[in-house]
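Trainee: Now for the letters of each chain:
There are 2 protein chains.
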Amino acid sequence: MKRLAAAAAIALACSPALADEGMWTFDNFPSAAVKAKYGVSIDQKWLAKVQDGSARFGGGCSSSIVSPDGLVLTNHHCVRTCVQLNSTASANYIKDGFMPAKREDEKLCPGVSVEILKDITDVTARINAATAGAKDYIKARDAAIAAIEKDACKGRDDKYRCQVTTLYQGGQFKLYTYRKYTDVRLAFAPEEQIAFFGGDPDNFNFPRYNLDFGMVRLYEDGKPAKTPNHLKWSTENPKLGEPVFVSGNPGSTSRLLTVAELEGLRDISMPDTLIMLSEIRGVLEQFSAESPEHERIAKNLLFGVENSFKGNYGRFQTLLDPAMMASKRTAEADLKAKVKADAKLSAATGDAWGELEAVERARPTVEKPYIWLEARAGFRSDLFSYARSIVRGTAERDKPNSERLREFTDSRLPIVQKNLFDARPVYPDLEKVVLVYWLTKLRENLTADSEGTKLFLGKESPESLADKLLASKLADPAVRKALWQGGKAAVEKSDDPMIRFVLATDAASRAIRKTYEDKIDGPADRADEKIAKARFAVYGTATYPDATLSLRLSYGAVEGWNEKGKPVPAFTYFPGLFDRATGKFPFDLPARWLSAKDKLSTKTVFDFVTTNDIIGGNSGSPVLNAKGDVIGAAFDGNIESLGGDYWYDGSVNRTVVVTTAAITEALKKVYGQDRLVKELTGK
Amino acid sequence: MKRLAAAAAIALACSPALADEGMWTFDNFPSAAVKAKYGVSIDQKWLAKVQDGSARFGGGCSSSIVSPDGLVLTNHHCVRTCVQLNSTASANYIKDGFMPAKREDEKLCPGVSVEILKDITDVTARINAATAGAKDYIKARDAAIAAIEKDACKGRDDKYRCQVTTLYQGGQFKLYTYRKYTDVRLAFAPEEQIAFFGGDPDNFNFPRYNLDFGMVRLYEDGKPAKTPNHLKWSTENPKLGEPVFVSGNPGSTSRLLTVAELEGLRDISMPDTLIMLSEIRGVLEQFSAESPEHERIAKNLLFGVENSFKGNYGRFQTLLDPAMMASKRTAEADLKAKVKADAKLSAATGDAWGELEAVERARPTVEKPYIWLEARAGFRSDLFSYARSIVRGTAERDKPNSERLREFTDSRLPIVQKNLFDARPVYPDLEKVVLVYWLTKLRENLTADSEGTKLFLGKESPESLADKLLASKLADPAVRKALWQGGKAAVEKSDDPMIRFVLATDAASRAIRKTYEDKIDGPADRADEKIAKARFAVYGTATYPDATLSLRLSYGAVEGWNEKGKPVPAFTYFPGLFDRATGKFPFDLPARWLSAKDKLSTKTVFDFVTTNDIIGGNSGSPVLNAKGDVIGAAFDGNIESLGGDYWYDGSVNRTVVVTTAAITEALKKVYGQDRLVKELTGK
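Taken in sequence, the protein lines are chains A and B. First residue of the first sequence? That's 78 in my numbering, and the numbers climb one at a time after it. First residue of the second sequence? That's 78 in my numbering, and the numbers climb one at a time after it.
Keep in mind the hints are simulated off the structure, nothing from the lab. Some hints could be false.
Since the list gives no way to pick one copy over another, a pair counts as held whenever it fits inside one copy or between any two copies.
[Said to hold, decoys possible] Here are the simulated lysine-lysine pairs, DSBU-like style, with alpha carbons at most 35 Å apart: (1) Lys760 x Lys536; (2) Lys596 x Lys643; (3) Lys746 x Lys531; (4) Lys126 x Lys309; (5) Lys509 x Lys545; (6) Lys509 x Lys704; (7) Lys518 x Lys376; (8) Lys661 x Lys531; (9) Lys755 x Lys251; (10) Lys536 x Lys231; (11) Lys558 x Lys518; (12) Lys680 x Lys531; (13) Lys558 x Lys376; (14) Lys114 x Lys661; (15) Lys641 x Lys591; (16) Lys676 x Lys536; (17) Lys746 x Lys509; (18) Lys536 x Lys376; (19) Lys227 x Lys596; (20) Lys565 x Lys550; (21) Lys212 x Lys643; (22) Lys610 x Lys746; (23) Lys509 x Lys387; (24) Lys216 x Lys179.
Build out the structure end to end from the sequences listed, making use of the hints.
Mentor: In structure tokens form, the structure reads like this:
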């Protein structure tokens, strides 16, 4: 009875539709529901196999292991940074693709780790014990997490990563243990113009014609890693209505936010983010128009900015949708009523919703200084980012693990160090642009008269200060390594201008971060956690947790949708690609494709859509058929899927996938990569 | 009794404060209230004198006539376009100022008209008779307006402009007759760095140190115009608490919008406008960073974009302010209740509020095509704008006056023609940037698959199409004149690529404009008018109409304010300017100022603030003392004044003014302009 009551409540609370909704953890997958709807049995063996063949990219992407020799399938846009960092003015792999003739020519991806989830352990009780009655909740929680992570990976952190994952907004804490590969090499990348054909205009749209795939290979001890538990590569077309599964790492969703939190996003954070992205987008567009070299070095950042803009714009539209907000109000009223009806639960929850309203009232005074002095400081300047890592890291690592900023705990230090030591190009022209942008916006948002502006800019203009900071030598990995290894003493003696700048301003950045955590994050996390525990007590694990860049499985079917009365078919084919090409960017095609036009099968499905519930971070995810074979790589959602941050609307939310069939066809007929085809298919 | 009841209702409806609120028409100024509060008698003579000495700039600025020889005081930012158009790569008057040694060196301001209001006549009955029962309300209204304007200026439209001004959102229509001067020459402009010291960071801020003034002279028959009714130039400092008056042309306010309309602005129009402005701002910033010449040619547009961004951002913050929205809800409920209580009024008003809610629901589907294909088409490209004027104007002028698009009625044709015939530079690099921006955003907002994108772009990219359009010869005024005079036949035979582009796309632009007028503007205007008539019936002219770029008078006092608990003083002085200067843009000073530092009086008030209720369009307005003498030129509002679009909050809303005392001091001691000083002061 109780169970049924809970289920009914969820149906009410999560309207309009439960169909295919959910990014489920592998230890709580709703196999019974899937069996009932699709007739497919997802048993423990199936789940274990798929978990073993799924991998997470450090930077926030997903992938499949697709050969016994460590070959990994992901999206082109997930390896784009690696492609760009290996390019030079004379060898532009973004434009021309990267197609090594043999394995020995594969190239290191600086800073990239690939991680395969091996184990999930519940540590909720340990965290709750450590935070019970703590005055500083965030500190107590982070200290407990740091200790658990350190213990779990002790003596094996060269090959493993231990990470506590917060689920149900603090309703559960689980220790995820990953097998980690840090020698990751680029194995294949097509030309950007086929991977991202249609560019920004087509991004998040469908019908679509993108061969958005790239391949890397995992290495161990300088040799291709052995990966016998890889997934099987299918070359069959997907079928309409076929049940499909997506295994990947959705980055973050906000489906459990309260109405007050959603309104704060809608009114404060989201408009400011869109404005910020739009202006730097304009700067980078014009910068790119200046010369082919500027276009090359800015492309990666511009792509990220445009992608982020379009995604946030879609989310913003959902936040403005009265139907979405109404459904949230209904769900919130339902949960509040249930909590009120239970005296014990009511006492434990207190006025958590009211506390979140108070947080949102406090937000406007703290948000901007926090963003411009701390969260967005440096605005993607590599030199600034190196300097901050060095200044903060050397100071933090001298403290006990539990006292550190969370990004410098023992379990994170290997990643920080890898990022500092790996060589990668720094582009001074681009550095100048982003530094000037950051400093100008800092002054604009904080005003010229603020203490923050006076400290960071002094009597300089953004341009003159940026010029001085660009004399930094931190582009050289040897210089970074020496400072890192020399520790605090070496850093304090350094006369590098960027190091000195960070040394002079870091106390102010840390102070505003502390204020933000005390006034915003801390109270919000504590109130969210109370609501999460209440929700957990009422609904249990019949619902799924918000996405947290950890492994999830979603189910669905191959299916088009109805866009304002017009049906959108589920599939596209190669001939449609050539019809859409105008010869002008971004609807131009690489020469190889124009020559191969007549050789390509007209029947192979190129891209397709499914009802799976995914979100950013799922890029590159294996899309699997009922047998668990890879039939494609998810690379996008439709425009309507962007609202997926806040709710799932199964009538229009669609995942966009490139087929392994099309990739195989292209590898054979466009690229002549028989070596790779053989490795993937055995043929 | 009835009168008192109405006054009480307004006090309730327009909370929080009536103090100093209002942009009053000269024929309905609340002299009694001013007398009661400030002890100053504003009689008909005072009003007539000030009206005669106040002038409107065609482009949307205000000014004072300050000498018997047609000398006009306005802001530097009101003559900036003229300064820029007269500059060349070798004579940069924006940077160095424009300081002719004698009158004969004054330079024509292309496209500028200056207009002095001479007469106001009520034409409400004529318009109401013409629109009563009309099926197409906008068409009927515009035809009646065109006829009235044509009649009124018949035979004298070389020297007069007749314009029907809509007041109280259609509650009143008045015919304004202006004496018009079309030969307007630049007489003096200081260096931009003193006019706009502190640049965008200080814009809308206070304390402030801007000598934001410029001077033009009106000419008639090639000689300086005689203006015996000029205002008197004061060189006295303003005093704290002194009553002051601002006479100028506030452009537009939205204080009578309904809650539904305000929410539409907040959720749809405003975020999209901020995003659009931010991106082109970024483009222009980077374009300007490319070379000094690019900086020079883009400066005017960038200034406008930044100014507009900051203004809209401030307005957006007010739209998000729960207190503002609550006051609007209260006012709306009050009016609705009063309408409901009166059967006749209720029948006449119908469900006008509900109709506006329906308009807002329809807006999302129409707004973007309307904006990108019609309202923002060309995005400030001069070539596009010329082509559209020629193509549309030659077609429209063949129709009866009442059937034309409103910008081509007989009363408007002289302005259209002046804009086409006046020579001014066209900058191809900048043209390319704005055309590419427009076409890219058109495609992005309408999607690549839309009919609009296919028609405007065809198989071109924004870049390739812009390159083709730039072959246009319309930069040459002789070419424009020939086409204009050749009429429709010449236009249709033209092979100018921009003309051909507009010919090919204009039907689609006109169609979406028609749709927008039928679905949005028409129903909204009709419903607004019903509410306006109801409001008028209830409250009468005890309240003031929304701003409409027509002459208004506001009253107030010299007074600082309290910013988040910190008092902001009302005055700044020259020494503060030198303290604030860092030597780095935008806090750098012109060399002349650095040399003159010790000569300048430390006691002369530089800038000051007042409680007057003004808005954009008031730039350059005479600020007058009780005697009606000019003591300054309004050039800005504080950040808090931006919410003035929607309400007036007297506790923080402030007008920012540069004193005539400081201008006189600078003309003497920085610029050695004894000739001008003598003309202004007689000494």
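Trainee: Take the hints in turn and mark each one as holding or not.
Mentor: Going down the list of hints, with the structure as the test:
1. Lys760 x Lys536: neither (67 Å within a copy, 41 Å between copies)
2. Lys596 x Lys643: Between. Shortest inter-copy distance 23 Å satisfies the 35 Å Cα cut-off; intra-copy 48 Å does not.
3. Lys746 x Lys531: between (61 Å within a copy, 32 Å between copies)
4. Lys126 x Lys309: Within one copy only: 10 Å inside, 89 Å across.
5. Lys509 x Lys545: Both: 10 Å inside a chain and 33 Å across chains, each within 35 Å.
6. Lys509 x Lys704: Answer is neither; intra-copy 51 Å and inter-copy 55 Å both fail.
7. Lys518 x Lys376: Answer is both: 22 Å inside a copy and 19 Å across each meet the 35 Å cutoff.
8. Lys661 x Lys531: between (47 Å within a copy, 14 Å between copies)
9. Lys755 x Lys251: neither (39 Å within a copy, 83 Å between copies)
10. Lys536 x Lys231: The answer is neither: 49 Å in one copy and 60 Å across copies each exceed 35 Å.
11. Lys558 x Lys518: For Lys558 and Lys518, the Cα distance is within 35 Å only inside one copy (31 Å; across copies 45 Å).
12. Lys680 x Lys531: between (64 Å within a copy, 28 Å between copies)
13. Lys558 x Lys376: within (28 Å within a copy, 44 Å between copies)
14. Lys114 x Lys661: Answer is neither; intra-copy 45 Å and inter-copy 68 Å both fail.
15. Lys641 x Lys591: Between. Shortest inter-copy distance 23 Å satisfies the 35 Å Cα cut-off; intra-copy 47 Å does not.
16. Lys676 x Lys536: Answer is between: at 25 Å across copies they meet the 35 Å cutoff, but 64 Å inside does not.
17. Lys746 x Lys509: This pair counts as neither: shortest intra-copy Cα distance 43 Å, inter-copy 40 Å.
18. Lys536 x Lys376: both (33 Å within a copy, 24 Å between copies)
19. Lys227 x Lys596: within (29 Å within a copy, 64 Å between copies)
20. Lys565 x Lys550: Classified as within; 18 Å inside a copy, 65 Å across copies.
21. Lys212 x Lys643: between (56 Å within a copy, 33 Å between copies)
22. Lys610 x Lys746: neither (55 Å within a copy, 73 Å between copies)
23. Lys509 x Lys387: both (25 Å within a copy, 25 Å between copies)
24. Lys216 x Lys179: For Lys216 and Lys179, neither the intra-copy (50 Å) nor the inter-copy (73 Å) Cα distance is at most 35 Å.
Checked against the numbered hints given earlier, the structure breaks hints 1, 6, 9, 10, 14, 17, 22 and 24 and satisfies all the rest.
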